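**Student:** Chains as they are written, first to last, in the numbering used here: chain A, -10 to 411; chain B, 249 to 556.
There may be inaccurate statements among the hints.
To be verified - Here are some, though not all, of the chain A residues that point toward chain B, as calculated from beta-carbon distances under 7 angstroms:
{"hint": "1", "residue": "Arg79"}
{"hint": "2", "residue": "Leu90"}
{"hint": "3", "residue": "Glu217"}
Claimed, not checked - Derived lysine to aspartate or glutamate pairs resembling EDC-like cross-links, with alpha carbons at most 16 angstroms apart:
{"hint": "4", "chain 1": "A", "residue 1": "Lys271", "chain 2": "A", "residue 2": "Glu261"}
{"hint": "5", "chain 1": "A", "residue 1": "Lys116", "chain 2": "B", "residue 2": "Asp357"}
{"hint": "6", "chain 1": "B", "residue 1": "Lys324", "chain 2": "A", "residue 2": "Asp254"}
{"hint": "7", "chain 1": "B", "residue 1": "Lys320", "chain 2": "A", "residue 2": "Asp254"}
{"hint": "8", "chain 1": "A", "residue 1": "Lys292", "chain 2": "A", "residue 2": "Asp254"}
Rather than coming from a laboratory, the hints here were simulated on the basis of the structure. A quick note: this is a predicted structure, and the numbers were derived from the prediction, not measured. Even glycine gets a Cβ: it sits at the ideal position worked out from N, Cα and C.
The chain contents come next:
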Amino acid sequence: MEPAIRAHGLAKRYRLGGQRERYRSLRESLMAVPKTLLRRRAGPPIHWALRDVNFEVQPGEVVGIIGRNGAGKSTLLKILSRITEPTLGRAEIRGRAGSLLEVGTGFHPELTGRENIYLNGAILGMKKAEIQRQFDAIVSFAEVEPFLDTPVKRYSSGMSVRLAFAVAAHLDTEILVVDEVLAVGDTAFQKKCMGRMREVGRAGRTVLFVSHNMGAVAELCQRGIVLEKGRVVSDCGVGEALETYAQLIQGAGEGATAAFPDNPDLPCAILEVTVGNARGEKMTTFDLADEIVVSMKYVIRQKMHDLSFDVQLSRNMTDLFHSYDTDAEEDIAPKEPGVYVARHRLPSRFLKAGSYTVTVGSGTPHVCYQVFSDLLPFEILELSEATQLRGYRRDRAGHIISPGVWETERLSDVLEEVQVGV
Amino acid sequence: MPRAPRRFELAGRYRRQPRLLIPGRPKNPIASVRPYEHITVIQASRGWRALDLRELWRFRELTYFLAWRDVKVRYKQTALGAAWAVLQPLLAMLIFSIFFGRLAKLPSDGIPYPLFAFVGVLPWTFFANAATTSGQSLVSNTNLVSKVYFPRLVVPMAAVFAALVDLAIGFVLLLGLLMFFRAPAGPQLGMLPLFVVLAVATALGVGIWLSALDVQYRDVRYAIPFLIQIWLFATPVVYPSSLVPEPYRAILGLNPMAGVVEGFRWALLGNPHPPFGLLLVSALVVLLLLSSGILYFRRMERIFADVI
């Protein structure tokens, strides 16, 4: 069986900030000619977005491509979609391939929903007859039937994105190359989108899928290719691939410690602040399910009364909480001189995915001794859990995952005269 | 093993291969139905690339949709709608008639000046609009170029075809004017489509060159209106080509739009001497312009998505 997609030695090089890969004015081009004649120029810095990428995808496989930011995933998809050319190497695609690198490409706000369906479909590569055939299915998938003849600029953002996805979802090619274009819209629609992606995979189409949402990758793909700095690091089953990816991002332990010089003038001084997991390992990337421990090492030179140390956490410039180590005490006990380590442990599944920073301080109710702001930036990622359909998805409002519990009780079959105060 | 590419290698070929049906071999449920497979080869291309007409034909529907989109969007939410296609040449004709016809008293080969001017203004307006929009077309469609695959020539072509719609609407007014001035209709009228083709070819040649340059050098789009203005004076729209003394008239033909305008005048108004010399030169120039434009465009096409 011939592979549906075969990549052999693919490489892509970009020249940074100079020569051909940046537009420049005619004047600069003309001036460059005498300059090159007068002296030899060192070449501009080079960046290899992809290096020696080899893999084969058999017909009917659903493969996820994962990697950190800048690993080359989008570049690989662009090459396979023929939008940009590889610098070296060769790829072969057997069958009709459709690319979804963006949802709603070519949508024009002045045109109506109906007109945009045709336009977008044509841009994606569907023939007019094909679009006509699928028209009703697209409209019912997007649930925009009453608004078909109003210009898209009047649509709510949810509606236009649903319409865009609906057209993309009906692209009927044997091979699909998809870049992060996943569940959009509200929860109900997202379920539809995930369901549709699952159907596509099960129908025997070949899918190459790039996403940052590990949960979605785990659910839809059987095989995973991990890219790091432009090279294929792992090409195996999806579970293994996710583990390799998790190791890659947790590998960076630097940045998990902040040390400060001692200040002998102060009666107490914070020496070191670190962030890590429950086992004491210092990390800067965590999973939703990890317990996060912020620990502070400090020295107290004389007996202090009413002294407390605090930890603040912020996300996107918003303070989430200030927590004082004396919060649990009724009366603040005096602290004896010595070197201490204080740890503040956060429960798992408490903070949402995102970027956080830590601020620490020391002081009494009357005077503030030290404050160190915005230390130790760390990230929480959605590795172990697919938050596609969850209310605490990263891009939703809110900063924490509610520790509360839901209970639903059915009161009656039918709404009758319900007494007030039930 | 990838072999060394030929000089005119097409990157992304559409190759057909007959599929061997070996009895006993299990058939893949998805791929078995087709008698031949599409195989697309993606690799770095070098040097000059030939024009792939087959691929352009495959994407003809996209060309149509892009042109249709441009036309629709232009007239949506406008008070006058398609009347703009008529107003532009009409107003130009009126202004030219007043300033060049009446006040400057430019000759017009014995034809009433307004009619003379309009017959020149109509194809000129088409060329000016077509060249301007297609020159900027690639950059205006950045999102398409960077996210979707299609032969990039489709974009400037669609822009020129969109301008063709305006020309067609303008022809209605032309018909009215011809009847009003009781212009004689001769057998030369049959040659008119030829001149329309010449105009389209000129607009395409200029548009393809400019759009390929615009992607790489963004100041091109600011030069276009200036270029068009100068070009207007180099074209015998407001004056007849008979104004130019005999030996230099052939040089005027180096401007392909001169050939178009004089051709229009001859076909519609029956100028006494058909401008063959001029036309020949114009046709040759257009051929050169178009083919060089396509070659340059195809050579630069591979970096469009990286540079745009």
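**Student:** Next step is simple, just say for each hint if it's right about the structure.
**Tutor:** Taking the hints in turn, this is what the structure says about them:
Because the smallest distance between the Cβ of A/Arg79 and any Cβ of chain B comes to about 4 angstroms, under 7 angstroms, the interface hint for this residue holds. The beta carbon of A/Leu90 is positioned within 7 angstroms of a beta carbon in chain B (closest approach about 5 angstroms), and the interface hint is therefore held. Taken as an interface hint, A/Glu217 does not check out: its beta carbon lies about 23 angstroms from the nearest beta carbon of chain B, beyond 7 angstroms. Restraint check: the Cα-Cα separation between A/Lys271 and A/Glu261 comes to about 13 angstroms, which is no more than 16 angstroms; the hinted pair holds.
Taking the CA atoms of A/Lys116 and B/Asp357, the gap is near 51 angstroms; set against the 16 angstroms cutoff, the hint is violated. Proposed proximity of B/Lys324 and A/Asp254 is contradicted: the alpha carbons are some 74 angstroms apart, above 16 angstroms. Between B/Lys320 and A/Asp254 the CA atoms are separated by roughly 76 angstroms; this puts the pair beyond 16 angstroms, and the hint is violated. For the hint linking A/Lys292 to A/Asp254, the alpha-carbon distance of about 15 angstroms falls within 16 angstroms, and the restraint holds.
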